[in-house]
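Going down the list, the protein sequences come from chains X and Z.
Mapping to my numbering: the first sequence position 168 is 168, numbers consecutive.
Mapping to my numbering: the second sequence position 55 is 55, numbers consecutive.
Warning: the hint list may mix true and false statements.
Listed below are the simulated DMTMM-like cross-link pairs for lysine to aspartate or glutamate, each with C-alpha atoms no more than 20 Å apart in a straight line [unchecked claim]: (1) Z:Lys53 with X:Asp399; (2) Z:Lys291 with X:Glu404; (3) Z:Lys53 with X:Glu404; (4) Z:Lys85 with X:Asp177; (5) Z:Lys85 with X:Glu412; (6) Z:Lys85 with X:Glu404; (7) Z:Lys240 with Z:Glu144; (8) Z:Lys291 with X:Asp176; (9) Z:Lys330 with X:Asp176; (10) Z:Lys330 with X:Asp177; (11) Z:Lys85 with X:Asp178; (12) Z:Lys291 with X:Glu181; (13) Z:Lys53 with X:Asp176; (14) Z:Lys291 with X:Glu436; (15) Z:Lys291 with X:Asp177; (16) Z:Lys53 with X:Asp397; (17) Z:Lys85 with X:Asp176; (18) Z:Lys85 with X:Asp397; (19) Z:Lys85 with X:Glu431; (20) Z:Lys85 with X:Glu181.
Restraint-style ranges between C-beta atoms, simulated for each label pair [unchecked claim]: (21) X:Glu316 with Z:Ser84: 53 to 61 Å; (22) X:Ile184 with Z:Leu257: 32 to 40 Å; (23) Z:Leu25 with X:Gly200: 32 to 40 Å; (24) Z:Leu25 with X:Ala196: 17 to 25 Å; (25) Z:Thr139 with X:Asp158: 55 to 63 Å; (26) Z:Ala87 with X:Glu369: 49 to 57 Å.
Worth flagging that the hints you see were computed from the coordinates, not collected in a lab.
All of these numbers come straight from a predicted model, not from anything done at the bench.
Even glycine gets a Cβ: it sits at the ideal position worked out from N, Cα and C.
Residues per chain, in single letters:
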Amino acid sequence: MKTQAICAIATPPGSSALGIIRISGNDLKNLTKQIFSKDLLNRKAILVSILDDKTLLDNCISIFYETPSSYTGEDMIEIICHGNQVIMNSILSLLNKIGVRLAKPGEFTERALFNDKVDLIQAEAISDLISASDSHAVKAAHNSLSGKFADEIKMICDKILATRAEVESVINFPEDDDVPELSITNIKKSLSKILADIEGLIKKSKKGLALNNRPTYAVVGKPNSGKSSLINSLLREDASIVTSKTGTTRDSICYQLNIDDSIINIIDTAGIHETNDEVEKEGIARSALSIAKSDRVLYLVDDDQGLTEEDKNLIEKYDIKDYFLVFNKIDITKKEPKITTTKPQEIYVSVKTGQGMHLVEQTIKTAFESDNSSENIYLARGRHIECLQDGQKHLIDSDKAANEKSLDFLAEELRLSHLAISSILGQNPTEELLTEIFTSFCIGK
Amino acid sequence: MQNYDVIVVGGGHAGCEAAHASARLGTKTLLITMKLDGIGQMSCNPAVGGIGKSHLAREVDALDGLICKAADQASLQSRVLNSSKGAAVRATRIQTCRDEYKKAIQKEIMHHENLTVLQSTVKSIDFELKKVKGVILDTDEVLEAKTIIITAGTFLDGIIHMGEKTFSAGRVGDKSSIELENYFRDNGFNVQRLKTGTPPRIKTSSIDFENLEQQDSDNPIPMLSYLHDHYGQPIDKILKLPCFITHTNLSTHNIILNSKKHSPLFNGKINSVGPRYCPSIEDKVYRFSDKESHQIFLEPETSDNLEIYPNGLSTSLPLEIQKEFLKTIKGLEKCEITQPGYAIEYSYFDPP
Ligand SMILES: Cc1cc2nc3c(=O)[nH]c(=O)nc-3n(C[C@H](O)[C@H](O)[C@H](O)COP(=O)(O)OP(=O)(O)OC[C@H]3O[C@@H](n4cnc5c(N)ncnc54)[C@H](O)[C@@H]3O)c2cc1C
Ligand SMILES: Nc1nc2c(ncn2[C@@H]2O[C@H](COP(=O)(O)OP(=O)(O)OP(=O)(O)O)[C@@H](O)[C@H]2O)c(=O)[nH]1
Ligand SMILES: [Mg+2]
């Protein structure tokens, strides 16, 4: 393909010790000869001067990657220069002068896709990798990138394909004695296996999606239980207003909390209880919304009052599911900090003295990791999950058709399911099906 | 010089439907074909419909085409396949009498308003400024028309293979169409080759049907055409005939396996692709060597039942070997071949 060479700054804007400029295009060595003081070497880092006519722009390390062994599949050059915006801009204008234009967003990856260096899933994963928020998301993006997600999709597609071939052969070659009779029991067995696979993959993928969207935990409880104090303590700053008055917090406020190398959203909420106060009511409605959109809840109880009937009713009323009970103010009740193994887990702390706070931090961290611990999480796109769910729906309909022994509906629903799932890989499986049928059975008169 | 709106070249299924549809639209139409008696002739198996094709036939029928009505008229055996499965996958198939079928088609084509029929061979197309102007016959006569439809079937530079022998033919007993093929090849069309094949035909009286499984028509007799009632002809006027089922066996397969070098399909003489739905018996035996037996349908060709079409035995092996392996099959021990099986290679091209 004849395309114009492109360049872009690969490091984030602002000043830094080093900045990287990438170039991709055909015949790059010749194109850029005049700007480098020395010939570049394939896959070797060498020190060169960059010259605009005779003016020295910068001394820097440059690496040449010869086509096709590069990220884009074209010739590529990486210039590692000083991370000064003025220097980098002057290098870019010099490149423009010799016919290398500025890249559009995503254009390097687009070229990699066109040159078959990556598949669609990998291209999408690369974009996720760039915007990934923490180390777990990075790991998940790498999993998609290495093709493991695609492999699982392929495996599911292969299983659907085998089932389709069985059904379609029976329909298409009713007079061929080579085609075995269809066993509905076996078909149903295969369907339930495939459905379990899809279910599992959707779960793993959804977690990936959540990773990229960042997990969100809400701190909830009756007024004055110490929610804002707890958040301030976790954030190690005076973020939320704390007073001894009930109903201090009036609005849901979302903070970013760093725990080791992970980032989570943590929401301070208005205390929930029965009230007629207009402002408070509005605040509580927002607490309810925060509960609904969070992945987990830290439910705070003033240990001096203990877990009351009112608390239990509130938990039920606001449909709080995944939650920890945090009993605060043990400095008053004179209890020891501890964590139970009950369900839900109970943590006894004093935000005021800091006793037990490490237990809260530890709990958040473990919860976060257990949500994402599996190495097999894929950073799936919303699109992937939609396709998987679509395929799942049609498989369930296939199963219904199998119950009714309507082979026509069975074949059609299987086809739709196959189409939906293989579209994740950007493939159309029709030819594959024919090949499968004709290689498994000796058919045709 | 004569002028037409539409000229159709070829009198097979495709050409007859095209010419008939064109004439029904009130367009002045000419059908040119190499042999008048070949109009409506079926090249291979005289079956119409079935799983792969009944929807196509019925679409033509929905447009008041010929094929389904003619097939109903000529039916020797009519069955609904997949009758136990869902309604969407049922398919009617008719084993016709090839003579009756041809008669039914010719009756419609030869006496149709706006439709003229001419026995001749087209050798090239006349173009003016990239627009078709007419066809040029092998006699160099030019016939003008605004639209030209080519439906040359297997005739474009058709070459028949039978063992080591090859000869030029459009199908057995018909000349191939070489000049027209060369014309397309030389004028920028992307011309490619396809192949197909047909089994030997067997004299009915030489077959022992005694111990073979019999397959009758469905009762009531299913119809392919939704329009047959409108024509008021009695459908059951020809006698129904059954088909029979027999099988190849290991002796058959051994003979075929030992003759691989004589099969043009496998000794490198034929390289073009064929439809995967019609594998030759060589194909089946070589590719599925673990199968001990293949099913063969013995199908009547005409209502007088003189010849049988052994469906499933398409082959391009030499005649001697065809004779030899046929005799290993139950019921065919004393069979006599009336017409050898063969493979044919021919040209096709995508429309411009
Ligand atoms: C050995 C063999 C095996 C086959 N097996 C099968 C099978 O199993 N299943 C199947 O579906 N099909 C089979 N076929 C294909 C068969 O040809 C088609 O099914 C069908 O007959 C094609 O119809 P048609 O109208 O396109 O062409 P045809 O029926 O081939 O008719 C072509 C017509 O064009 C005319 N013609 C050609 N060139 C010229 C010219 N230059 N000038 C004037 N007239 C010309 C011929 O005279 C002929 O009338 C087989 C064919 C052969 C020969
Ligand atoms: N003794 C003691 N007091 C605490 C502790 N944690 C918080 N408090 C006090 O409890 C009062 C309420 O704390 P907040 O953090 O404002 O409570 P809140 O749950 O955010 O209250 P609302 O926003 O009104 O719902 C303040 O006076 C805090 O100083 C604790 O561990 N021990
Ligand atoms: Mg508060």
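Taking the hints in turn, this is what the structure says about them:
Between Z:Lys53 and X:Asp399, the direct Cα distance comes to roughly 29 Å. Violation of the 20 Å bound is thereby established for this hinted pair. Distance check on the hinted pair: Z:Lys291 and X:Glu404 sit about 33 Å apart at the alpha-carbon level, beyond 20 Å; violated. At roughly 27 Å between alpha-carbon atoms, Z:Lys53 and X:Glu404 are farther apart than 20 Å, so this suggested pair is violated. Proximity of Z:Lys85 to X:Asp177 is assessed by CA-CA distance (about 17 Å); at most 20 Å being required, the pair is judged to hold.
Pair hint Z:Lys85 plus X:Glu412 holds up; C-alpha atoms about 13 Å apart against a cutoff of 20 Å. For a cut-off of 20 Å, the pair hint linking Z:Lys85 to X:Glu404 stands: about 11 Å separates their Cα positions. For the proposed pair Z:Lys240 and Z:Glu144, the alpha carbon gap of about 46 Å is over 20 Å, so the pair is violated. The straight-line distance between the Cα atoms of Z:Lys291 and X:Asp176 is roughly 13 Å, inside the 20 Å bound, and the hint therefore holds.
A C-alpha spacing of about 18 Å is found between Z:Lys330 and X:Asp176, which places the hinted pair at or below 20 Å, so the restraint holds. Restraint check: the Cα-Cα separation between Z:Lys330 and X:Asp177 comes to about 17 Å, which is no more than 20 Å; the hinted pair holds. The hinted pair formed by Z:Lys85 and X:Asp178 meets the criterion: a straight-line CA distance of about 18 Å does not exceed 20 Å. With a C-alpha separation of about 17 Å, the suggested pair Z:Lys291 and X:Glu181 falls inside the 20 Å cut-off, and the hint holds.
Simply put, Z:Lys53 and X:Asp176 have alpha-carbon atoms about 17 Å apart, close enough for the 20 Å limit, and the pair holds. Taking the CA atoms of Z:Lys291 and X:Glu436, the gap is near 18 Å; set against the 20 Å cutoff, the hint holds. Only pairs whose Cα atoms come within 20 Å are accepted, and Z:Lys291 paired with X:Asp177 is accepted, the gap being roughly 11 Å. At roughly 28 Å between alpha-carbon atoms, Z:Lys53 and X:Asp397 are farther apart than 20 Å, so this suggested pair is violated.
Restraint check for Z:Lys85 and X:Asp176: satisfied, since their Cα atoms lie roughly 15 Å apart, inside the 20 Å limit. Taken as a hint, the Z:Lys85 and X:Asp397 pair is honoured in the structure, with Cα atoms around 17 Å apart against an allowance of 20 Å. In summary, the hint linking Z:Lys85 to X:Glu431 is not supported, as the alpha carbons are separated by about 24 Å, beyond the 20 Å threshold. Simply put, Z:Lys85 and X:Glu181 have alpha-carbon atoms about 12 Å apart, close enough for the 20 Å limit, and the pair holds.
Range check, X:Glu316 to Z:Ser84: about 54 Å between beta-carbon atoms, so the 53 to 61 Å window is met. Range check, X:Ile184 to Z:Leu257: Cβ separation about 38 Å, and the 32 to 40 Å hint holds. A hinted range of 32 to 40 Å is violated for the C-beta pair Z:Leu25 and X:Gly200, which are about 59 Å apart. A hinted range of 17 to 25 Å is violated for the C-beta pair Z:Leu25 and X:Ala196, which are about 57 Å apart.
About 60 Å separates the C-beta atoms of Z:Thr139 and X:Asp158, a value consistent with the hinted range of 55 to 63 Å. Checked against the hint of 49 to 57 Å, the pair Z:Ala87 and X:Glu369 passes, with Cβ atoms roughly 54 Å apart.
Checked against the numbered hints above, the structure breaks hints 1, 2, 3, 7, 16, 19, 23 and 24 and satisfies the rest.
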